[in-house]
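**Q** One letter stands for each residue in the lines below.
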Amino acid sequence: MYVYDEFDRTFLQERVREFRDQVERRLSGELNEEEFKPLRLMNGVYLQLHAYMLRIAIPYGTLSAPQMRVLAHVARRYDKGYGHFTTRQNIQFNWIKLAELPDAMDDLAKAGMHGLQTSGNCIRNTTTDQWAGATPEEIEDPRLYAELIRQWSTLHPEFTYLPRKFKIAITAAKHDRAAIRVHDIGLRLHKKDGETGFEVIVGGGLGRTPFIGKTIREFLPKRDLLSYLEAILRTYNSGGRRDNIYKARIKIQVHEIGTEEFTRRVEEEWVQIKDGALALDDAAIDTIRDHFQTPDFEILPEQSPELAESLAKDREFARWHANSVNAHKVAGHAIVTISLKPVGKPPGDATAEQMDAIADLSERYGYGEIRVAHEQNLTLPHVRQKDLYALWQQLSAQGLATPNVGLVTDIIACPGLDYCALANTRSIPLAQRITERFADNDRIADVGRMHINISGCINACGHHHVGHIGILGVEKKDQEFYQITLGGKANHKARLGELLGPAVSESEVVDVVERIVDTYLHLRHDKSESFISVVQRLGIEPFKERAYVAG
Amino acid sequence: MTSPLQQKLKIHGPTVVTANRLSDGVSVWLTPTYEWSERIADAAVATTSEQALDLLNRANGDENRAVGAYAAAAVLGADGKPAPANLRERIRVNGPTVSLDSAA
Numbered sequence: 001m002y003v004y005d006e007f008d009r010t011f012l013q014e015r016v017r018e019f020r021d022q023v024e025r026r027l028s029g030e031l032n033e034e035e036f037k038p039l040r041l042m043n044g045v046y047l048q049l050h051a052y053m054l055r056i057a058i059p060y061g062t063l064s065a066p067q068m069r070v071l072a073h074v075a076r077r078y079d080k081g082y083g084h085f086t087t088r089q090n091i092q093f094n095w096i097k098l099a100e101l102p103d104a105m106d107d108l109a110k111a112g113m114h115g116l117q118t119s120g121n122c123i124r125n126t127t128t129d130q131w132a133g134a135t136p137e138e139i140e141d142p143r144l145y146a147e148l149i150r151q152w153s154t155l156h157p158e159f160t161y162l163p164r165k166f167k168i169a170i171t172a173a174k175h176d177r178a179a180i181r182v183h184d185i186g187l188r189l190h191k192k193d194g195e196t197g198f199e200v201i202v203g204g205g206l207g208r209t210p211f212i213g214k215t216i217r218e219f220l221p222k223r224d225l226l227s228y229l230e231a232i233l234r235t236y237n238s239g240g241r242r243d244n245i246y247k248a249r250i251k252i253q254v255h256e257i258g259t260e261e262f263t264r265r266v267e268e269e270w271v272q273i274k275d276g277a278l279a280l281d282d283a284a285i286d287t288i289r290d291h292f293q294t295p296d297f298e299i300l301p302e303q304s305p306e307l308a309e310s311l312a313k314d315r316e317f318a319r320w321h322a323n324s325v326n327a328h329k330v331a332g333h334a335i336v337t338i339s340l341k342p343v344g345k346p347p348g349d350a351t352a353e354q355m356d357a358i359a360d361l362s363e364r365y366g367y368g369e370i371r372v373a374h375e376q377n378l379t380l381p382h383v384r385q386k387d388l389y390a391l392w393q394q395l396s397a398q399g400l401a402t403p404n405v406g407l408v409t410d411i412i413a414c415p416g417l418d419y420c421a422l423a424n425t426r427s428i429p430l431a432q433r434i435t436e437r438f439a440d441n442d443r444i445a446d447v448g449r450m451h452i453n454i455s456g457c458i459n460a461c462g463h464h465h466v467g468h469i470g471i472l473g474v475e476k477k478d479q480e481f482y483q484i485t486l487g488g489k490a491n492h493k494a495r496l497g498e499l500l501g502p503a504v505s506e507s508e509v510v511d512v513v514e515r516i517v518d519t520y521l522h523l524r525h526d527k528s529e530s531f532i533s534v535v536q537r538l539g540i541e542p543f544k545e546r547a548y549v550a551g
Numbered sequence: 552m553t554s555p556l557q558q559k560l561k562i563h564g565p566t567v568v569t570a571n572r573l574s575d576g577v578s579v580w581l582t583p584t585y586e587w588s589e590r591i592a593d594a595a596v597a598t599t600s601e602q603a604l605d606l607l608n609r610a611n612g613d614e615n616r617a618v619g620a621y622a623a624a625a626v627l628g629a630d631g632k633p634a635p636a637n638l639r640e641r642i643r644v645n646g647p648t649v650s651l652d653s654a655a
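As you go down the protein sequences, you meet chains Z and D in turn.
To convert, note that position 265 of the first sequence is 265 in the numbering used here; the numbers rise steadily by one, no gaps.
Quick note, the numbering used here runs 551 ahead of the 1-based positions in the second sequence.
The shape of chain Z in the complex, shown without the other chains:
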């Protein structure tokens, strides 16, 4: 965990006081809506269909147990008893009252939390691998660099009014769990000739014009990270379009002028500033590292005998373990993913009681650390293997041990028309119906890895373009229809899905999804060939032939 210092704490308190004053002036009529709207957006406050929504930043997805308890408190005191974890590792509350927002923010600030960089045309909260600092796959903890980016970007005077919002993601593992290729900037830590640096990927994004990002630098030394980011942002800020909101993201600029020209402009800018104040030395990185409290890991055997015994005696535990537990870099420990996708429930939602329970369990079994995954699940990154059985039992009691991580019912879905003012169709009820159709744990385990992503409109908050099965809601004559794409991927081999065919009605879409799954089972060589592998091997035609044929 990164521990805020006095500067951070003072800044947050001042920001809350400032926002309280702004809210009071708005409620009294001293500020009009046009004046107030950009101020509330700078604090993560949106107005949705039924109420204000407060989005709270969870920098690089890392939460402490006390912070999770504060989120539970906010859910209980200011909302309707639950919160919704998002695809950018944040949490949002859907029923906040404007008049109570300053108090909620005050409570959050006391735990070092806020809504900064979760809204508006600024550099948003940097996201990363939810397994950072725990997975043996990584070459370095990427959160150090995410924190550096946070400190550089939060109050950056030049980048407060960008042409559009700007999202950065960073990973240090070969398997990309942060979807870096569909971000405005993706950063991949890797080694070259013994030195660690970054591959810099620019211009990825989803929405109405999806693009996979382009690599503009294969290797950037760590010392140059911030100066290079500054050069990219300057190139975008000065050259990005402001005449059309739908063409204002950096991906459009890169597409319109070409990767080569964009890179040339960045490099030209960078040469001017690379040796200036933003150059990082080891001391600067060490200062950040010192603010991260690493758990004092217990010395344990590589394999826990208690775990082996539990796996042998309890089949349901073994199923959950096979699905939700992954290798840790420290002997005797494991990474646990907590599914927030129980059958028939809204994806990514957690009740206040569940948040409190997770906070307690993280302290009891996981050194008090919690992560949010962009797949809208939670992670306990450091769990002692010998405690896994007890943890599973207690997660089960809270409805938090569905063994479906990475499977067909682990659906990413935007809030959709049930909450969102921009949506055309609902997403959550569709996700619920799909999970009910595939409720059998044996069946979903047999189907294997499959990602379904649902967006209720073309803004693509459910990342449907990169779902193995992507579902996009479209409205036709006040009826909900859904377009389906196949073959998308968000990982290190990111690609956009291909449109299967005509949109299908709300009443048909679950049947169509089931026929796609059944077609896969029919076409695969064996269980080792995943759904996405079959789509890549055969294309979408065999699926198209069967998906639209009822019966």
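Hints were generated in silico from the structure; no laboratory data involved.
Any given hint could turn out to be false.
To be verified - Simulated pairs of lysine-lysine, DSSO-like, Cα-Cα distance not exceeding 30 Å:
| id | chain 1 | residue 1 | chain 2 | residue 2 |
| --- | --- | --- | --- | --- |
| 1 | Z | K274 | Z | K165 |
| 2 | Z | K97 | Z | K37 |
| 3 | D | K561 | Z | K192 |
| 4 | Z | K80 | Z | K165 |
| 5 | D | K561 | Z | K313 |
| 6 | Z | K247 | D | K561 |
| 7 | Z | K214 | Z | K527 |
| 8 | Z | K37 | D | K632 |
| 9 | Z | K477 | D | K561 |
| 10 | D | K561 | Z | K476 |
Guided by the hints, dock chain D onto chain Z, whose structure is given.
**A** Relative to the frame of chain Z, chain D by itself:
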């Protein structure tokens, strides 16, 4: 269900004016006496573009009580009271179609 933010004021039948209450964001409807009600049944009904525009102008001039006003199509029940005409407005009237106690 085109977003109201993109709508032009061209009505095709009974129309009400709706917004979100400033203090808490709750959906409200403009009444014949230019008050705001949480019940769409209390809403003033416009049947011409001029009437709808008048209501909308009234609503936009009252942004210290309600914000984001727009004209929404309505249907009239047997009692003559307005009701929502499309899914988006039905959800605004009735709340999310996902029951709140079913959150994870």
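**Q** Look at each hint and say if it fits the structure.
**A** Status of each hint after checking the structure:
Distance hint between K274 (chain Z) and K165 (chain Z) is fulfilled; the C-alpha atoms sit about 25 Å from each other, no more than 30 Å. A distance of roughly 15 Å separates the Cα atoms of K97 (chain Z) and K37 (chain Z); the hinted pair therefore holds under the 30 Å criterion. A threshold of 30 Å between alpha carbons decides the hint, and for K561 (chain D) with K192 (chain Z) the separation of about 62 Å lies outside it, so the pair is violated. Between K80 (chain Z) and K165 (chain Z), the direct Cα distance comes to roughly 29 Å. Compliance with the 30 Å bound is thereby established for this hinted pair.
Taking the CA atoms of K561 (chain D) and K313 (chain Z), the gap is about 68 Å. The hint is violated against a cut of 30 Å. Between the alpha carbons of K247 (chain Z) and K561 (chain D) the distance comes to roughly 28 Å, so the proposed pair stays at or under 30 Å and holds. Only pairs whose Cα atoms come within 30 Å are accepted, and K214 (chain Z) paired with K527 (chain Z) is rejected, the gap being roughly 34 Å. Under the criterion of a C-alpha separation no larger than 30 Å, the hint pairing K37 (chain Z) with K632 (chain D) is inconsistent with the structure, at around 34 Å.
For a cut-off of 30 Å, the pair hint linking K477 (chain Z) to K561 (chain D) stands: about 17 Å separates their Cα positions. Taking the CA atoms of K561 (chain D) and K476 (chain Z), the gap is about 19 Å. The hint holds against a cut of 30 Å.
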